[in-house]
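Undergrad: As a plain string of letters, each chain reads:
There are 2 protein chains.
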Amino acid sequence: MTRPATGARERIVSSTLTLLRQGGLSAAGLNEVLALAQAPKGSLYHYFPGGKVQMVGAALDVYRDTVALQLGQALQGRARLPLRVKRLFDAVAGRMAASQFSQSCAVGAVLLDLRPADAALRQRCEEALAHWARTAAEHLHELPTPQRPGAGRLLITLLEGAQLAARATGNTTPLREAGRAFGGYAQALAELASAKTRGMQP
Amino acid sequence: MTRPATGARERIVSSTLTLLRQGGLSAAGLNEVLALAQAPKGSLYHYFPGGKVQMVGAALDVYRDTVALQLGQALQGRARLPLRVKRLFDAVAGRMAASQFSQSCAVGAVLLDLRPADAALRQRCEEALAHWARTAAEHLHELPTPQRPGAGRLLITLLEGAQLAARATGNTTPLREAGRAFGGYAQALAELASAKTRGMQP
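Chains as they are written, first to last, in the working numbering: chain C, 12 to 213; chain Y, 12 to 213.
Be aware that one or more of the hints could be misleading.
Repeated chains share a single entry, so a pair holds when one copy, or any two copies, can fit it.
As the list claims (entries may be wrong) - Below, computed lysine to any residue pairings styled on SDA-like, alpha-carbon distance capped at 25 Å: (1) K207 / E188; (2) K97 / N182; (3) K97 / G83; (4) K97 / R20; (5) K97 / G195; (6) K52 / Q65; (7) K207 / N42; (8) K97 / S110; (9) K63 / L45; (10) K97 / P160; (11) K52 / N182; (12) K63 / V73; (13) K52 / D72; (14) K97 / A141; (15) K63 / T180; (16) K97 / T146; (17) K63 / G181; (18) K97 / A85; (19) K207 / H152.
No lab work stands behind these hints: they were computed from the structure.
In isolation and in its complexed conformation, chain C is listed as follows (with noise of 0.2 Å):
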């Protein structure tokens, strides 16, 4: 039997992303990524046969769609749209927290990270981050439809902005001031356009 363990894909695409996690694309080498995955090397070229930009771009997408259902988790629901931007940027603190701060999230370290060869990897991240602000911009429906997309982009961008920052401080301080000024700012968007709606009623 040459066939590779049952879940020897899944622990190294589990591998590679708390690897990109930590340290970027420098830091899911092939020798590192089998290592902490106790997986033989064969496995590796069995399931990714097109090397690392495989494996690690088959690691950013499941990367991309967790992060979309954990953003669509904290920021669904009935609770008032800063309370919903607290839960997110607290959840997003209780895993990096959980890390002791040395892993944030795996689309900025790779983007910190690239190359201009590596233009396929480019555009999965860009992919990602679109993704995650269309997904976050659903949640915004307090919002008026055409402010919402620049607003989930703009929180997607804080978010990115504010674990770099977690990284420096190793607490959780720039995450709550982020998730604080986001909510805030949303929830003004959001008032001024609901004063403007009945201003404008007869």
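Given chain C, put chain Y in place with the hints provided.
TA: Relative to the frame of chain C, chain Y by itself:
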């Protein structure tokens, strides 16, 4: 004469910075730096007997002071706050465009690249972000004094996130959007404070 050529230290520091801005710590290997700096190996050990950590530390110190100057230049003056903020984000966008979006903030790239063993460099990155936030805060003079530090930190967090997003899109849109949003946010804080002050007057 074994004395290294004049300017070798400056070339090493500037090459280190270029590589850090491209790909963080992992991109600034000693051999890569020497090749880009066109400097003999001896000059590296002459100026940086502490090796890579000392060399990267020196580059980050230069970068911290350069960026603080640029922040001050963009945010100072009598123009309205949103215009000064726009000037800052436009300047960063211009520098990123000049590198075809292959270079962004050195501190951000190093932070998303750090291993737990790199505690000394993490602290240097933390100090740089804090220094920039204070520099920005000093120039947000329209805001009430107690709100300035938080607004300064938010500005730097957003600037870091927007640079990351601009590397994903390969254009200046994320920086321009983030600049407009922060400019509007800061202006609203200033107007709210000014309205409250007027309201309290007899």
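Undergrad: Give a verdict on every hint.
TA: Consistency of the hints with the structure:
1. K207 / E188: between (29 Å within a copy, 23 Å between copies)
2. K97 / N182: Within one copy only: 16 Å inside a chain, 30 Å across chains, cut-off 25 Å.
3. K97 / G83: within (13 Å within a copy, 32 Å between copies)
4. K97 / R20: For K97 and R20, the Cα distance exceeds 25 Å both inside one copy (35 Å) and across copies (47 Å).
5. K97 / G195: Both, since 10 Å and 21 Å are each at most 25 Å.
6. K52 / Q65: Cα proximity of K52 and Q65: one copy only (15 Å, versus 37 Å across).
7. K207 / N42: neither (59 Å within a copy, 61 Å between copies)
8. K97 / S110: Cα proximity of K97 and S110: one copy only (20 Å, versus 36 Å across).
9. K63 / L45: within (12 Å within a copy, 27 Å between copies)
10. K97 / P160: For K97 and P160, the Cα distance is within 25 Å both inside one copy (19 Å) and across copies (20 Å).
11. K52 / N182: For K52 and N182, neither the intra-copy (37 Å) nor the inter-copy (39 Å) Cα distance is at most 25 Å.
12. K63 / V73: within (15 Å within a copy, 35 Å between copies)
13. K52 / D72: Within one copy, since 22 Å is at most 25 Å while 42 Å is not.
14. K97 / A141: both (21 Å within a copy, 23 Å between copies)
15. K63 / T180: between (32 Å within a copy, 22 Å between copies)
16. K97 / T146: Classified as within; 16 Å inside a copy, 27 Å across copies.
17. K63 / G181: between (30 Å within a copy, 23 Å between copies)
18. K97 / A85: Answer is within; shortest intra-copy Cα gap is 9 Å, inter-copy 32 Å.
19. K207 / H152: Classified as within; 17 Å inside a copy, 30 Å across copies.
Violated hints, listed in ascending order, are 4, 7, 11; each of the other numbered hints is respected by the structure.
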